[in-house]
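Q: Please model the entire structure based on the sequences and the hints provided.
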Amino acid sequence: GLDALGVELIVPDEVKESFPRADDWLKILKQCDKEHATLVAVVSSQIACKGALTAGAACIVVPDEYTVFQDFSGAKMVLDSLADEKPDAILDLTLRM
Numbered sequence: 002g003l004d005a006l007g008v009e010l011i012v013p014d015e016v017k018e019s020f021p022r023a024d025d026w027l028k029i030l031k032q033c034d035k036e037h038a039t040l041v042a043v044v045s046s047q048i049a050c051k052g053a054l055t056a057g058a059a060c061i062v063v064p065d066e067y068t069v070f071q072d073f074s075g076a077k078m079v080l081d082s083l084a085d086e087k088p089d090a091i092l093d094l095t096l097r098m
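Under our numbering, residues 2 to 98 are what the sequence shown spells out, in order.
Honestly, the hints are just simulated from the structure, not real lab data. Predicted, not measured: the structure shown is a model, and the values here were computed from it. All C-beta atoms in this analysis are idealised placements derived from N, C-alpha and C, irrespective of residue type, glycine included. Be aware that one or more of the hints could be misleading.
Label pairs and their calculated CB-CB ranges [as the list claims (entries may be wrong)]:
#	residue 1	residue 2	range
1	83	38	16 to 22 Å
2	74	96	18 to 24 Å
3	9	87	17 to 23 Å
4	57	93	14 to 20 Å
5	55	80	20 to 26 Å
6	86	66	17 to 23 Å
7	10	65	17 to 23 Å
8	87	45	19 to 25 Å
9	9	86	17 to 23 Å
10	65	88	16 to 22 Å
11	96	45	19 to 25 Å
12	48	94	18 to 24 Å
13	37	85	26 to 32 Å
14	5	75	24 to 30 Å
A: Spelled out as structure tokens, the structure:
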């Protein structure tokens, strides 16, 4: 899986009301001492997508039934399910920024 590709998944310990603004994404990286790492955000809503893009992340969107109609302009991919693409294909596309 992702370990073999050198990918580290970072999930916030707690999510505050302000999440997912750009500074929230950047704080997560700083807390993990990863400020200079490439960030690929997997999100389900337009607001999370825009926050991630503003933070300089590549964005993969997997909308749910409540967000499928939203505008995901700027996202590298919009998928019905993460199972739609192999992890290495997603990384290949997102890391070519």
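Q: Work down the list of hints and note, for each, if the structure agrees.
A: Hint check results:
One distance hint, 16 to 22 Å for the beta-carbon pair residue 83 and residue 38, holds here, with the actual separation near 20 Å. For residue 74 and residue 96, the hinted distance range of 18 to 24 Å is satisfied, since their beta carbons lie about 20 Å from each other. For the pair residue 9 and residue 87, the beta carbons lie near 18 Å from each other, so the given range of 17 to 23 Å is met. Checked against the given bound of 14 to 20 Å, the beta carbons of residue 57 and residue 93, roughly 19 Å apart, stay inside it.
Against the hinted window of 20 to 26 Å, the Cβ-Cβ separation of residue 55 and residue 80 comes to about 21 Å, which satisfies the hint. Distance hint check for residue 86 and residue 66: the Cβ-Cβ separation is about 20 Å, which falls inside the suggested range of 17 to 23 Å. Checked against the hint of 17 to 23 Å, the C-beta distance between residue 10 and residue 65 comes to roughly 20 Å, which is consistent with it. Taking 19 to 25 Å as the suggested C-beta distance range, the pair residue 87 and residue 45 conforms, at roughly 20 Å.
Between residue 9 and residue 86 the CB atoms are about 19 Å apart, so this pair conforms to the stated range of 17 to 23 Å. Under the hint 16 to 22 Å, the C-beta atoms of residue 65 and residue 88, about 21 Å apart, fit the expected range. A hinted range of 19 to 25 Å for the beta carbons of residue 96 and residue 45 is consistent with their spacing of about 21 Å. At roughly 23 Å, the beta carbons of residue 48 and residue 94 sit within the given window of 18 to 24 Å.
Hint check: residue 37 to residue 85, Cβ distance near 30 Å, so the stated range 26 to 32 Å holds. Judged by the Cβ atoms, the range 24 to 30 Å given for residue 5 and residue 75 holds: they are separated by roughly 29 Å.
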